[in-house]
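**Q** Residue-level listing of the chains:
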Amino acid sequence: MGVSIEVTGLNAWYGANHTLQDITLHIPANEATALIGPSGCGKSTFVRCLNRMHETNPIAKVTGDVKVGGMDIYSEISAVEVRRRIGMVFQRPNPFPTMSIYDNVASGLRLNGFRNRRVLDEVVERSLKHAALWDEVKDDLKKKSGASLSGGQQQRLCIARALAVDPEVLLMDEPASALDPVSTAKIEDLIFQLKSQYTIVIVTHNMQQAARVAERTGFFLNGKLVEFDTTHKIFTNPGDKRTEDYITGRFG
Amino acid sequence: MASRTNISKANRHWRWIANHLATGLAVLSTILVIAPLVAIFVYLLYKGASSLNWNFFTQLPAPVGEPGGGMVNAIIGSAVLLAVASLLGVPVGVAAGIYLSEFGRGGKLSNLVRFTADVLNGVPSIVMGIAVYSLIVLPEKSFSAFAGGVALGIMMVPTVTRTTEEMLLMVPNSIREAALGLGVPNWRSVLSITLRTASPGVITGCMLAFARVAGETAPLLFTAFGNPFSSVDLNRPIEALPLQIYLYAISPYDEWHRLAWAGALVLIVLIVVAVALVRFVTTRGVLKGAS
Amino acid sequence: MPKTPRTVAPVGGIVAVSVPATPSRIRAHLQKRGNSSWADSGFRWLMLACALSIFAIVALIATELVTHSQLSLARFGLRFFVGRAWNPVQNDFGALPFIYGTLASSIVALVIAVPLAIGVAVFLTEMCPRALRGVLSFLTELLAAIPSVVYGLWAIFVLVPLLRNYVDPFLIRLLGWTGLFVLPDFGIGLFAAGVILAIMILPIISSLTREVMTAVPNSQREAVLALGATRWEMIRTGVLRNARIGIVGSVILGLGRALGETMAVTMVIGSSPTISKSLLAPAASMASVIANEFAEAADDTYRSALIEIGLALFIVTIVVNILARLLVWAVTRGAPPRTV
Numbered sequence: 004m005g006v007s008i009e010v011t012g013l014n015a016w017y018g019a020n021h022t023l024q025d026i027t028l029h030i031p032a033n034e035a036t037a038l039i040g041p042s043g044c045g046k047s048t049f050v051r052c053l054n055r056m057h058e059t060n061p062i063a064k065v066t067g068d069v070k071v072g073g074m075d076i077y078s079e080i081s082a083v084e085v086r087r088r089i090g091m092v093f094q095r096p097n098p099f100p101t102m103s104i105y106d107n108v109a110s111g112l113r114l115n116g117f118r119n120r121r122v123l124d125e126v127v128e129r130s131l132k133h134a135a136l137w138d139e140v141k142d143d144l145k146k147k148s149g150a151s152l153s154g155g156q157q158q159r160l161c162i163a164r165a166l167a168v169d170p171e172v173l174l175m176d177e178p179a180s181a182l183d184p185v186s187t188a189k190i191e192d193l194i195f196q197l198k199s200q201y202t203i204v205i206v207t208h209n210m211q212q213a214a215r216v217a218e219r220t221g222f223f224l225n226g227k228l229v230e231f232d233t234t235h236k237i238f239t240n241p242g243d244k245r246t247e248d249y250i251t252g253r254f255g
Numbered sequence: 006m007a008s009r010t011n012i013s014k015a016n017r018h019w020r021w022i023a024n025h026l027a028t029g030l031a032v033l034s035t036i037l038v039i040a041p042l043v044a045i046f047v048y049l050l051y052k053g054a055s056s057l058n059w060n061f062f063t064q065l066p067a068p069v070g071e072p073g074g075g076m077v078n079a080i081i082g083s084a085v086l087l088a089v090a091s092l093l094g095v096p097v098g099v100a101a102g103i104y105l106s107e108f109g110r111g112g113k114l115s116n117l118v119r120f121t122a123d124v125l126n127g128v129p130s131i132v133m134g135i136a137v138y139s140l141i142v143l144p145e146k147s148f149s150a151f152a153g154g155v156a157l158g159i160m161m162v163p164t165v166t167r168t169t170e171e172m173l174l175m176v177p178n179s180i181r182e183a184a185l186g187l188g189v190p191n192w193r194s195v196l197s198i199t200l201r202t203a204s205p206g207v208i209t210g211c212m213l214a215f216a217r218v219a220g221e222t223a224p225l226l227f228t229a230f231g232n233p234f235s236s237v238d239l240n241r242p243i244e245a246l247p248l249q250i251y252l253y254a255i256s257p258y259d260e261w262h263r264l265a266w267a268g269a270l271v272l273i274v275l276i277v278v279a280v281a282l283v284r285f286v287t288t289r290g291v292l293k294g295a296s
Numbered sequence: 248m249p250k251t252p253r254t255v256a257p258v259g260g261i262v263a264v265s266v267p268a269t270p271s272r273i274r275a276h277l278q279k280r281g282n283s284s285w286a287d288s289g290f291r292w293l294m295l296a297c298a299l300s301i302f303a304i305v306a307l308i309a310t311e312l313v314t315h316s317q318l319s320l321a322r323f324g325l326r327f328f329v330g331r332a333w334n335p336v337q338n339d340f341g342a343l344p345f346i347y348g349t350l351a352s353s354i355v356a357l358v359i360a361v362p363l364a365i366g367v368a369v370f371l372t373e374m375c376p377r378a379l380r381g382v383l384s385f386l387t388e389l390l391a392a393i394p395s396v397v398y399g400l401w402a403i404f405v406l407v408p409l410l411r412n413y414v415d416p417f418l419i420r421l422l423g424w425t426g427l428f429v430l431p432d433f434g435i436g437l438f439a440a441g442v443i444l445a446i447m448i449l450p451i452i453s454s455l456t457r458e459v460m461t462a463v464p465n466s467q468r469e470a471v472l473a474l475g476a477t478r479w480e481m482i483r484t485g486v487l488r489n490a491r492i493g494i495v496g497s498v499i500l501g502l503g504r505a506l507g508e509t510m511a512v513t514m515v516i517g518s519s520p521t522i523s524k525s526l527l528a529p530a531a532s533m534a535s536v537i538a539n540e541f542a543e544a545a546d547d548t549y550r551s552a553l554i555e556i557g558l559a560l561f562i563v564t565i566v567v568n569i570l571a572r573l574l575v576w577a578v579t580r581g582a583p584p585r586t587v
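Protein sequences appear in the order of chains C, X and W.
Using our numbering, the first residue of the first sequence is number 4, and each one after it goes up by one.
Using our numbering, the first residue of the second sequence is number 6, and each one after it goes up by one.
Using our numbering, the first residue of the third sequence is number 248, and each one after it goes up by one.
There is no bait here: all hints are sound.
Mimicking DSS-like on lysine-lysine, the simulated pairs with C-alpha atoms at most 27 Å apart in a straight line are:
#1 C:Lys132 / C:Lys147
#2 C:Lys64 / X:Lys113
#3 C:Lys244 / C:Lys227
#4 C:Lys70 / W:Lys279
Source of the hints: derived by calculation from the structure; they are not laboratory data.
Nothing here was measured: the structure is a model prediction, and the numbers come from that model.
Assemble the whole structure, with the sequences as input and the hints as a guide.
**A** Listed below in structure tokens is the structure:
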């Protein structure tokens, strides 16, 4: 089951660039939350702060509180542990090129010392089914390399890989931006299915996508969270002029 | 007016000549450079192949004046020396390369390490031989296979370091992020993901370093020293293929010259295969699919 | 193909999948894995230690050479480098003949190799058809990979007879008046050493020269061509002039190789600690005297003198290499990596 995320006074920097300014919001459990905004608005940085990927860049800095399921991820546990509980799917599909499909999905567990073959088989099958990839790849799981799949399949493989470690939260950083419309639709279907079991945060520059998959939507602009509300409210009756301008396509 | 056109005509003429002269010279120099290479290979094949036979790989050197004999002692010796060298040079070099690419990227320290590695690469191998002689042979009071292996191992380090670094830098960052995003500890991610992805390149880089030291003679002259008998004892002197080639080349006996050519051919085949492999891997998508 | 994928049933039975009991097991396993922070920092330190070992190696070589040449340093001082005597029986040592041998053979090598290397580089970067370029640069790389001892072997049996029978007589007739090429001619000697060195350092100089020449931006070439220059004028003013610092760097790097090259030189230089004006006379270089005499140098002073020569070689090659690397780096810095 997913958990909720409580963000209070989050600030982030890249070098001297203050990319996130004083973000406070509450992301409820077992829902999909979409983050929209023009490129460079800080939405990607924001999700990268939620699993502490932001700090992997040596010039990056972050302050503020992020509580996931009531636990402060910046003080109570290490970054490595945080990332095991909060999975991430990146903008461009990034399967491990030297590994088979099976090994890709199993990698998160294996590289963390999980050896039980029977359970691994089970997890790989379930994760691939979850990611709606099982039927397409079940015949050459161990024969084909993860890199030999099509772009859309690769992205679903990456989702399966993230699901295999059974995270509580799934972060998706523009997961469909590099994909064709058919693959995009499949990914959206997936998000729809997955949100009953995981808390999902999805960054997108595509407003229709946000409207289709998310219960709640946050609008970022210039490093600030302008508005955060139910998707319905944001798209029908936004409280802020800038949000309205953005969703009606008047800028950005 | 007339004189000006004359000058410009002469000028144009001269420029035309200069242009073609330069082109001709460039082509000529290329031919002059390729000629010795072809000559060396043709001669090696001709002399070496005609002297190469089964005995070469199975027999000890024959005493002076007796025909036949082989270099089995040198082949075993080279294998032992190269094993010691690789055990020493490859892990250290790969680790140093990992540091440069994964931890110290862009830092002052890495630039200095990289620079020092390049400079170390330029230190004459004979100097390496003397240094290891004073470091190991003098205190032990004996030439040894171990000392020879150490000398060669040290020489492998800079090459392995630099190629490992270059190959790791070719791994796209998204792959590292994927591993870290799964909550894989950094050390595990570096070894099992980044290094593994770059492994074809890293391995060929190690082979290149291996091939280079396989042909080294100078650092072995007073470390491994040479040994007319087969030995695998690390504490005793040991023979090596290049040492034996040297010894036989400067000897006055035709039979030995023949063996020297055969040894050189074996050595060259080893090296050419390694270089060709490196080139194949580095120019044709090593990291194919690592989009 | 469905018109709109959203309206068809979801693929692969996603709906049916529910959360079974195993996940809790996975979470439990992952949670007790700990943060591995000690393993991560340990790993980092280990890698750092290996990187630093490269400094340690250089420092170790330096200290070993300095400590073991003390005897000779104390006894002869700087006189060592100007003394012409090399007399193991009387324990009197001076390194001048070897310094001369090293310098002379290296200069001969550079005189032969530099124009050829630049010619090859010009041909490969500016004139050569693409298909041929790969093959030729591979061949020059191979030239760099041949072991010194194999060059020596080839030099003894092919190059030296060739020089003695054809090239030397010609040079004696042509340049005999300079005193550099006079009889007696044994085939082996400074000139033979210089020629084999030239063949050996050519690939280094030409591949680095190529690298700096490719680093010259195309706009420079186009600017010169646009003024109506011929190809040669374009190469001369647009490319070579811009790359000259880097070319000097690569030549110095080749010099560094030549100074320390041991086996091939040892095999053809003639091993005679004498200084003669004629390049056809046998001589010895710093590296060759070490290779020839070190193993039999039983006396401490003798050995110490040889190690001091090694120390001098070490210092000179390090200085030359640093200089060369800085020059090459100054030119190629910021340039895109060379594409083969």
